[in-house]
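Novice: Sequence:
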Amino acid sequence: MDVKNAFLHGDLDKEIYMEQSEGFIIKGKEDYVCKLKKSIYGLKQAPKQWYKKFESVMGEQGYRKTTSDHCVFVQKFSNDDFVILLLYVDDILIVGRNVLRIDKLKK
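So for the sequence shown, the numbering used here puts the first residue at 1083; every next one is plus one.
One or more hints might be untrue.
When the alpha-carbon atoms are kept at most 35 Å apart in a straight line, the in silico DSBU-like pairs for lysine-lysine are as follows [what the hints assert, rightly or not]:
| hint | residue 1 | residue 2 |
| --- | --- | --- |
| 1 | Lys1189 | Lys1109 |
| 2 | Lys1147 | Lys1186 |
| 3 | Lys1120 | Lys1147 |
| 4 | Lys1126 | Lys1188 |
| 5 | Lys1109 | Lys1096 |
| 6 | Lys1096 | Lys1120 |
| 7 | Lys1119 | Lys1109 |
| 8 | Lys1147 | Lys1109 |
| 9 | Lys1109 | Lys1134 |
No lab work stands behind these hints: they were computed from the structure. In this text the structure is predicted, and so the values were computed from the model without any measurement.
When you get a sec, could you build the whole thing from the sequences and use the hints?
Specialist: Right, here's the structure in full:
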């Protein structure tokens, strides 16, 4: 499963400013800068902020990351019912026995 615009979902944990983009510079205010409200593509912090957001959302849903690999999240529901998520950048592999549970998670 591919997460669309993954790096745009991350929240910034400090103030970040950027120069006005070429073609969008306001006359008379050429020295002004823009304060970012969210992550953008090309931002050095974007991958880390996306991971923090993903980790937080998975934690809220009861998933725990494994100690051996922080990109593997597991939730056990009963003896033979579980879901495992493997995160690689903005791609997620979901493994489990309950198709309904997996379909709900994808939404």
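Novice: Are the hints correct? Go through all of them and say.
Specialist: The hints, checked one at a time:
{"no.": "1", "hint": "Lys1189 - Lys1109", "in the structure": "violated (44 Å)"}
{"no.": "2", "hint": "Lys1147 - Lys1186", "in the structure": "holds (20 Å)"}
{"no.": "3", "hint": "Lys1120 - Lys1147", "in the structure": "holds (25 Å)"}
{"no.": "4", "hint": "Lys1126 - Lys1188", "in the structure": "holds (28 Å)"}
{"no.": "5", "hint": "Lys1109 - Lys1096", "in the structure": "holds (29 Å)"}
{"no.": "6", "hint": "Lys1096 - Lys1120", "in the structure": "holds (10 Å)"}
{"no.": "7", "hint": "Lys1119 - Lys1109", "in the structure": "holds (23 Å)"}
{"no.": "8", "hint": "Lys1147 - Lys1109", "in the structure": "violated (50 Å)"}
{"no.": "9", "hint": "Lys1109 - Lys1134", "in the structure": "violated (38 Å)"}
Checked against the numbered hints given earlier, this structure breaks hints 1, 8, 9; the rest are met.
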